[in-house]
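Using the sequences and the hints given, assemble the complete structure.
Number of protein chains: 2
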Amino acid sequence: MKIRTISGVLQMRNRWSSVQRSYRLLIAHQIHSIPKRPSFGIAFDIDGVILRGHTPIGNSPSALRRLYNDDSGSLKIPYLFLTNGGGIPESRRASELSQLLNVSVDPIQILQGHTPFKNLLKRFENELIVATGKGEPAVVMSEYGFKKAISLDEYASYFKSIDPLSPYKNWTIKKPISESVPNFDVTSERVKAAFVVSDPVDWSRDIQVLCDILRSGGLPGEKSEHQPDMYFAADDLEYQAVFPSERLGMGAFRIALESIFNKIHHKPLEYTSFGKPNPFVFKNAESILKQLKPLTNTVNNLKEDDKSHEFETLYMIGDNPSVDIKGARQAGPPWFSILTRTGVFRGKLNHTDYPADHVVDTVEEAVEFILQKEGIA
Amino acid sequence: MKIRTISGVLQMRNRWSSVQRSYRLLIAHQIHSIPKRPSFGIAFDIDGVILRGHTPIGNSPSALRRLYNDDSGSLKIPYLFLTNGGGIPESRRASELSQLLNVSVDPIQILQGHTPFKNLLKRFENELIVATGKGEPAVVMSEYGFKKAISLDEYASYFKSIDPLSPYKNWTIKKPISESVPNFDVTSERVKAAFVVSDPVDWSRDIQVLCDILRSGGLPGEKSEHQPDMYFAADDLEYQAVFPSERLGMGAFRIALESIFNKIHHKPLEYTSFGKPNPFVFKNAESILKQLKPLTNTVNNLKEDDKSHEFETLYMIGDNPSVDIKGARQAGPPWFSILTRTGVFRGKLNHTDYPADHVVDTVEEAVEFILQKEGIA
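Top to bottom, those sequences are chains C and R. Using the working numbering, the letters of the first sequence correspond one by one to residues 20 to 396. Using the working numbering, the letters of the second sequence correspond one by one to residues 20 to 396.
Hints were generated in silico from the structure; no laboratory data involved. On a predicted model such as this, the values are computed, not experimentally measured, just so you know.
Derived BS3-like pairs: lysine-lysine, alpha-carbon spacing no greater than 27 Å straight-line:
no.: 1; chain 1: R; residue 1: 367; chain 2: C; residue 2: 282
no.: 2; chain 1: C; residue 1: 286; chain 2: C; residue 2: 242
no.: 3; chain 1: R; residue 1: 188; chain 2: C; residue 2: 179
no.: 4; chain 1: C; residue 1: 282; chain 2: R; residue 2: 282
no.: 5; chain 1: R; residue 1: 286; chain 2: C; residue 2: 345
This is the structure:
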């Protein structure tokens with residue numbers, strides 16, 4: 020197993036133009052309502068902490084409401100959602116959460132597993148790339164600015180008989196309305212990179228076609244030594260969903276793809292995984308939280324303010340010790356980890372391998388603990 | 020990786036009652052037409068030798084016709100099909116082949132990957148077992164005599180939310196008409212064994228539910244140290260289908276399941292794989308070919324005849340060096356391997372790692388070679 024360093028990604032120019040736009044709007048209506056700057060921020064995991072499936076858990080709506088000003092409804096405490104999930108654009112996820120949780124969530128508060136993919140725009144903006152996963156993976160990539168992003172559903176449809184199991188799949192692919200038909204020849208151009216945006220649905224087809232792309236230098240049936248780049252939005256082996264025991268996640272898919280690829284190909288799979296517990300995503304979250312921090316200055320002073328006002332504490336509230344807690348621990352100060360018992364972790368005391376700084380039953384308790392600790396409750 | 024010995028299976032009582040019935044019928048109408056006993060038999064691989072997809076290749080229909088008597092149309096040379104494929108009962112496969120190849124194929128001439136599963140009947144006849152794979156896996160098992168065989172499609176439907184990806188699968192499961200609804204409580208009884216009958220279609224669901232069954236002692240959500248038995252009909256990593264380059268087979272699925280299971284469970288997966296190149300299937304093929312051998316004696320003398328008249332040569336005609344040729348070589352004499360260039364193997368000379376005894380372009384050439392060698396052509 021070879022994992023390519025992500026330092027290249029870290030060093031890439033940050034492309035938060037839309038983030039900054041939204042930020043200005045947010046700040047604009049908060050500017051008069053907040054008297055002082057909180058020296059802390061909060062990152063919430065979603066699945067197993069805030070929601071199970073589409074149902075709020077652990078009194079998450081009332082917990083989140085405490086982070087807003089009662090009167091104006093504006094943001095009082097800078098917080099964001101830091102999830103390894105995804106599959107839809109951040110804007111749509113924000114609307115969904117706003118509706119489910121009855122609070123106003125802004126798209127810049129959504130950090131999904133695939134959000135860091137936008138940092139790769141410079142490299143692949145005009146290249147043919149394929150994207151897979153539940154939801155609308157190609158739409159996500161297109162919204163980030165990738166000009167030639169195509170879903171693996173669409174891509175596979177150009178290669179007759181590429182999936183020998185398809186006659187057994189009574190499966191209608193619902194094409195997202197927003198995914199446009201490519202205006203270039205998919206069958207003659209080489210794929211430069213493959214992105215697993217969210218949990219793949221059709222594993223047999225995806226593993227087959229990804230192996231075809233990766234071992235052919237980007238064009239199934241061809242021969243080439245060069246492996247196109249392979250990116251995973253996250254590497255969760257298991258996660259807590261509606262079913263009582265944990266379900267296999269993107270990390271399981273990666274293991275399946277990697278094990279098979281390494282058996283049929285002479286060179287081991289090279290890939291990059293994002294998502295928690297990767298320290299990069301915590302660094303990224305910190306930078307977004309800074310932008311969310313309610314200020315008394317004007318927007319023009321942002322840059323200076325950003326540097327001079329570091330957070331004293333950043334809280335990571337999660338249910339998965341090996342993802343959320345391990346990640347916060349690896350990221351180090353100012354991260355402080357809080358483990359809930361509403362998801363993967365169900366232990367009485369603390370987790371043995373990745374003990375959290377604090378353990379609570381629910382996210383509501385976690386927020387109460389934080390506000391008490393910060394002298395706000 | 021731990022592979023359970025299959026000696027237990029080998030020692031099990033042979034349950035070829037239906038085979039013997041068919042045999043008697045076959046012999047009955049051949050008894051007067053064959054003057055001498057051929058001292059050889061032939062085993063044909065199907066995919067990449069006889070057919071590609073549903074299309075005959077290498078002049079297979081005319082090659083096979085040479086093994087029948089011109090006048091009576093009865094079998095002149097004992098032959099069978101030895102394939103790692105499957106998913107439908109042997110009787111149905113025989114009808115399909117008869118139609119496609121325009122010769123009369125008897126069900127006893129069909130040895131599919133899952134055919135040896137019938138030897139496990141004694142052990143699991145009245146136990147709850149699950150079966151997966153393209154086609155009608157539970158129907159196959161029921162036809163073998165298993166009383167409580169249920170497809171993984173059906174099984175998973177009893178456990179709400181067991182597959183978190185199902186909302187993304189616009190997938191209608193066509194239930195085989197012949198698969199009956201179980202008359203026992205699937206959600207409270209432990210699964211005793213899982214059978215991969217043919218290539219699984221829905222890998223994400225199958226890997227998830229098989230992991231649930233295997234690590235829970237047979238009942239998803241429960242806890243138990245005992246792993247139910249796990250059987251694979253074959254272990255082909257890749258095979259030649261319609262697409263120009265090879266497609267992933269059951270061996271790839273096994274690697275995916277095993278790699279993931281071994282990551283989420285503290286004890287490595289135990290399993291048994293059948294199919295070529297397993298020497299057991301060649302032993303089995305030899306015993307069936309003996310039963311097919313046209314005789315001048317009456318049926319009552321079969322047993323004695325069986326012992327006294329061993330084959331001098333058994334020909335294995337295949338396209339896959341690591342499956343067909345490796346298998347015949349491992350099985351040893353009287354097996355003689357012939358490699359065709361119509362499938363996986365496309366080399367000019369012989370295969371380096373698993374050289375065949377003879378290499379030809381097509382199955383037609385292979386049959387010509389055999390008949391010449393045996394002084395029949």
